[in-house]
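Just so you know, the sequence shown maps onto residues 127 to 570 in my numbering.
Don't take each hint at face value.
[Unchecked claim] Derived SDA-like pairs (lysine to any residue); straight-line CA-CA distance at most 25 Å: (1) K565 x I485; (2) K255 x V236; (3) K460 x E562; (4) K363 x L378; (5) K204 x V183; (6) K291 x E310; (7) K501 x P466; (8) K542 x K209; (9) K333 x L385; (10) K209 x C233; (11) K209 x V183; (12) K445 x E562; (13) K501 x N511; (14) K314 x H266; (15) K291 x C275; (16) K332 x R290; (17) K536 x D165; (18) K449 x I485; (19) K352 x I567.
Simulated from the structure, these hints should not be mistaken for lab results.
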Amino acid sequence: MKKVITYGTFDLIHYGHIRLLERAKKLGDYLIVGVTSDDFDKARGKINVQQSITQRVEALLATGIPDKIILEEYEGQKIDDIKRYGVDIFTVGSDWKGTFDYLNEYCEVVYLDRTEGISSSEIRTEKQKVRLGIIGDDFHLIKKYSRECKYVNGLELAGLCTSRKELASEKIPDLDFITDNYNELLEKCDAVYIVSHPAEHYEYIKKALLEKKHVICETPVSLSGKQTSELFEIAEKNNCVLMEGIKTAYALAFERLNLLIKSGVIGDIVSVDATCTSLKAPRLYNEDGILQWGSLASWGAYAMLPIFDFLGTDIVETKIQTKLLEKDYDLFTKVSFVFPHSVASIKVGNGVKSEGELIISGTKGYIYVPAPWWKTDYFEVRYENLQENKRYFYQLEGEGIRNMLVSFLKTINGDKFTNISKEFSIIVSNIIEQFEEQKDIIIL
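Using the sequences and the accompanying hints, generate a full structural model.
This is the structure we're talking about:
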């Protein structure tokens with residue numbers, strides 16, 4: 127019996143998939159189909175997959191073509207599978223021609239021509255096409271987002287609204303549409319990404335939501351818990367998505383870290399300590415004359431992300447200590463939290479440098495995430511017995527921005543789950559409001 131094996135994601139299975147599978151089966155007597163797992167897809171940077179592994183396997187079974195379905199879960203597995211199942215022919219689409227020639231050492235390799243004019247990427251793009259506009263003057267951030275948009279099927283960058291049109295044209299020359307009129311931007315888009323100064327977020331978000339535009343906003347959503355609550359109410363009323371843009375929450379390593387902690391690998395969490403600092407020049411305005419964000423506004427939500435993810439939001443006590451450069455700019459801020467059965471702290475600074483690590487302490491062990499932990503692709507689970515320690519590595523694509531944009535798009539198209547909850551956004555705004563009003567804080 128001649129065995130044939132092929133692999134794929136098989137997302138939104140279509141006629142092209144079926145034709146390829148039928149032709150693969152004709153190469154032999156028994157067809158094995160390897161379906162890439164969700165984790166493996168994410169690890170190799172394939173982030174636009176719409177269906178879960180269960181849905182994709184069920185769709186393949188429904189075709190009646192494969193004789194056996196297996197999961198592809200790690201790099202190099204194809205060689206193991208060929209040996210394990212006694213495969214005679216490996217086949218895949220011709221768009222991969224030459225990529226798998228190394229498998230000729232183990233079996234015959236056949237590249238099949240794909241069906242022209244149809245692909246899962248095209249189906250995903252047509253299904254969820256959203257025009258995204260960006261508003262703000264931080265061209266460093268905007269350039270990153272415009273670049274990452276290109277990797278997300280179905281997301282089209284409509285243009286930019288900025289008070290510095292001429293400078294924007296020079297710094298981001300690949301943008302087709304630049305305006306200084308927010309109303310004009312809203313007319314040309316289905317959703318907006320707000321990267322302006324935090325003091326402007328509330329008005330920009332509210333206007334967009336009232337125009338029934340979806341919104342993703344750089345943290346914080348607003349400088350007031352009451353305002354943030356109001357914005358989420360407007361979003362719900364108008365059937366719009368409002369999402370706080372914290373890219374770390376969508377990094378594969380942080381998602382896996384979250385799952386491990388919730389599975390109890392280090393026992394009950396008793397302490398979470400997060401540090402986020404940068405030695406950027408401590409000044410109120412950057413070289414373009416743009417008002418800069420203070421340390422808590424810049425870093426606060428990132429540092430608080432693991433705390434509220436792992437410990438919840440039942441805070442007993444909050445203490446804030448800060449060192450101000452100017453009234454509206456904190457050089458360094460430390461926030462300490464007391465929960466019913468645990469404690470936590472964050473240290474954030476723009477113009478002050480410390481080790482940017484994350485440490486989660488538990489009753490069985492602890493997790494160490496090295497600097498810069500908010501961009502991590504690696505972390506360690508450590509125990510009293512060093513031989514039990516484990517290291518985890520995950521690929522970080524686009525600093526998490528790419529995955530965040532995909533999540534935003536999926537939410538617009540009906541996905542009810544996001545990595546950042548409404549409750550998280552509100553409590554972050556409450557803490558920033560306490561700081562802004564200098565209520566019960568110690569100024570160093």
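TODO: Just pull the numbers of the violated hints for me, sorted ascending.
DONE: Result: hints 1, 2, 4, 7, 8, 9, 13 break, sorted rising.
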